[in-house]
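Line by line, the protein sequences give chains A and B. Residues are numbered in our numbering as their position in the first sequence, beginning at 1, plus a constant of 1398. Residues are numbered in our numbering as their position in the second sequence, beginning at 1, plus a constant of 306.
No lab work stands behind these hints: they were computed from the structure. Heads up, a few of these hints could be off.
Said to hold, decoys possible - Simulated restraints, written as ranges between beta carbons of each label pair: (1) L530/B - E1622/A: 16 to 26 Å; (2) E522/B - E1622/A: 41 to 51 Å; (3) R1569/A - P348/B: 20 to 30 Å.
Stated by the list, open to error - Quick list of in silico lysine-lysine cross-link-like pairs, DSS-like style, CA-CA up to 27 Å: (4) K1512/A - K483/B; (5) K566/B - K1696/A; (6) K1696/A - K548/B; (7) K1699/A - K483/B; (8) K1535/A - K546/B.
For each residue, glycine too, the CB sits at the ideal point set by N, CA and C.
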Amino acid sequence: MKEGKGVWVFIEQRGGKVSEVGLELLGIGRELAGKVNEKLEAVLFGYQTGSMVDELGAYGADTVYVADDPLLEVYNSDAYAVLMQELIEQYKPGMMIVGASNIGSDLAPRVAAKVNTGLSAHCIGFDVDEHGKLLGKVPGFGGAVMADIICPEDYPQMATARPGFFQKLERVEGRKADVVKVEVKLRQEDINIKVLGTSKEELTARPVESADVVVAGGFGIGGEENWKLVEELADALNGSVGATRPPCDEGWADLESQMIGQSGKTVRPSLYIGLGVSGAVHHLVGIQDSKVIVAINKDSKAPIFEAADYGIAADFRQIVPSLIEELKSITG
Amino acid sequence: MKELHSVVCIKPVPDQRFWDKISLDPKTQTLRRAGIPVALGPLDLNALEEALRIKESRGGKVTVVSMGPPGTEEILEWAIVLGADEAVLLSDRAFAGADTLATAYVLASGIKKLGDVDLVFLGNESLDGSTGQVGPQVAEFLGMSHLTHITKIDLTGDNKLEAKFRIEFGSIDVEVKTPVVIAVDKEINEPRLANIWGAVWAQERKINCWSINDVEVDRDKLGLSGSPTQVAGVTTIELKRKGEMLTGEPADIARQLVKKLQTDKVLPEA
Ligand SMILES: Cc1cc2nc3c(=O)[nH]c(=O)nc-3n(C[C@H](O)[C@H](O)[C@H](O)COP(=O)(O)OP(=O)(O)OC[C@H]3O[C@@H](n4cnc5c(N)ncnc54)[C@H](O)[C@@H]3O)c2cc1C
Ligand SMILES: Nc1ncnc2c1ncn2[C@@H]1O[C@H](COP(=O)(O)O)[C@@H](O)[C@H]1O
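Bound-form chain B, shown alone:
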């Protein structure tokens, strides 16, 4: 059986515990994330896990790729501790402020440089952007087919696999020829935890940092200026209601609430 080279795209997302510290840059209307610790999104861990399992069952290797500002090496280190063989951080001022299309363009340029790739894994959606758009768009730039919302994969031959595409209240089973881009859902697997060998493994590996000079790209398609979508404005939305606070002992509060809900006719009378 052929050994497989899998690439996993992992996105540095701001650690959820610090989200309230993130602000919007009034000039560029992009997010100011400086100083916010980064984390690996939950679905990206499922993507990595799937690639690691394929490596373990079939042989081959796993390369993780991320686009982000300097300082996001941390998540790549973590991916190596978990078992990835190689890591690439695509980082350049010119990449900053990218929407999904410009992000996918840079990720694809990095993946092309890696040479022969059989499988590209992504999380179905990231924790912060949550668009789920990067996977299909990376596939377009790579000229590969794409699958999203994947809950199960079976390698059925050297150049093909079967997958389950979850849709609302059901699924579509497909067969696809590799190379292919696959965005995975949470149900696909249970990501592993790090073990002590991971740290030893990681010591012998380094993270490659690639800038604009290391990849073949058209400058006009990068970053904020290469992004077709922009934020036109930000508004606060009116969701205000009367906000009547009920106080007292628990039993007392419960009595008050039920009475009010009966008056509002959302609960039946006794």
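Next up, chain A with everything else stripped away, as it sits in the complex:
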């Protein structure tokens, strides 16, 4: 498409509940809609959606396009992508933002290819240029810079947004959105994918994204045996363990629950301690809201020292045991 109007955000739902990232998108969407002076419109696919639609009005949507059908109860890429394409072609939005959750990252590229437009992946910030075009901000290669990705010719201007990077708006009880009901003609027989069931994992450890103290280990930890030191320090501080990407690739840490940064979790602890972390922007963007940042790295030129409040240029294997000892004196 060569034109479009309105800022659309995709609202992911699970088990009949609006996801947190959906509400965050309404927050950033409102800001963008203000900049281009257009409406903020939410798209919701699900089943028995009534209360969710009300929620979206309360969190700032001007319009809610809602498709309500048993086929849409659980995410199904065949059904969702076809429906989204129809909707985009009919209503021609100017921008479309989807959360970079697993479901959003599955849906958005397929839809972008269907309507033949560009897609900026995993953005952690947005802006609008002087022509009203969406700029998606992503940490650049190697992690030293931030790149602005633009889609200069095609509409809608699409992007996925990292969960946890945007603030949702204050809930306004009774604030209502216009509701546009979308007819669902698609049937299970028309598509190849069939949902058999869903399962939910219970949380075991305290998730790193809500911990008040985070101790993160990097590639400098060097091996599984040494990883214990990271955990011991976290224990001494009653905190949670996080990681950069390489330890997750190596299997010392868990990618899904512990990786911090652009492609992982965003943490907001009062205290973050990085051990053997070099300080790539990909990781730093996930810790920048920490109140105090401490870095222990044996290379005094490691970039993380610039982003830290306190730096210790030493081998973590020497510092951590002393630190644990010292902490005993305050925790008793």
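Go by the hints and put chain B with the ligands onto chain A.
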């Protein structure tokens, strides 16, 4: 049971140990990777492993496909050593500078040329681009369904399979008809290591290089000019903090740090 033809898309990514040597071309705003050794991304190895296991249990063959500049044959050779039957490198100046849509378009054109394909495997995301977009987009160009974040596959019939789609704190189990495009996660399997037979096997196989003349493509959809997204600019971000360095003996440093953290009220007083 029907034998299956699996295609695995493998991406040449710059070897992580050389990332600091990569620079941005100020004119095209694309990455300058010349001279940087390439490697196979970790998830692409999981994708290859899954295809090899299917071949071993069901019969059939595995073709690896990659789009990249000349010189990236290395990773295809490696895939053959691990057990792939055929390899195709899609390489042409016209393909360069592609975003995910233009990349997927070229990969799909190569896969179409291979003829009957039952399964297309990819890594869920690459090590460098890390967008995870190529899989669903290849599927669109091939007119197949797609699955991403897949941690388990069970072939349940000649033309269907069941798969586990991992989502945050849970999963969605699906059944899908083949042909289908599947992007896999790390948990799906443990990739094999090469053995000595691999080198022997590889000697008898060659890598096909296909240029723009070997595939059916619309020139306007290729490379930098066929990519809807562009880099509008690059900025350095301000993440600077006070960066106060603590020095001394370990015990001394520990004492200083704890005191400062107490003053900052992020640790309790004794
Ligand atoms: C698109 C994309 C997305 C990415 N997303 C993320 C992300 O979300 N999160 C993330 O973390 N990364 C991400 N990365 C990777 C990122 O660019 C870096 O490669 C990664 O953060 C580096 O991790 P590191 O600091 O642990 O390892 P390295 O850069 O290898 O640094 C290890 C450090 O340990 C120090 N060290 C070694 N031994 C010791 C010792 N004994 N004592 C003390 N210090 C020691 C070294 O001096 C070095 O500075 C992404 C990359 C890309 C391309
Ligand atoms: N140039 C390429 N050649 C072959 N496969 C690719 C290429 N780019 C991406 N892929 C595949 O797509 C997956 C996801 O890549 P990305 O979308 O870049 O994160 C990779 O793991 C590869 O399997």
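For each hint, the structure was consulted:
Taking 16 to 26 Å as the suggested C-beta distance range, the pair L530/B and E1622/A does not conform, at roughly 43 Å. Under the hint 41 to 51 Å, the C-beta atoms of E522/B and E1622/A, about 49 Å apart, fit the expected range. The hinted window of 20 to 30 Å between R1569/A and P348/B is violated, with their beta carbons roughly 42 Å apart. Simply put, K1512/A and K483/B have alpha-carbon atoms about 20 Å apart, close enough for the 27 Å limit, and the pair holds.
A distance of roughly 21 Å separates the Cα atoms of K566/B and K1696/A; the hinted pair therefore holds under the 27 Å criterion. Restraint check: the Cα-Cα separation between K1696/A and K548/B comes to about 19 Å, which is no more than 27 Å; the hinted pair holds. The hinted pair formed by K1699/A and K483/B fails the criterion: a straight-line CA distance of about 54 Å is larger than 27 Å. Under the criterion of a C-alpha separation no larger than 27 Å, the hint pairing K1535/A with K546/B is consistent with the structure, at around 19 Å.
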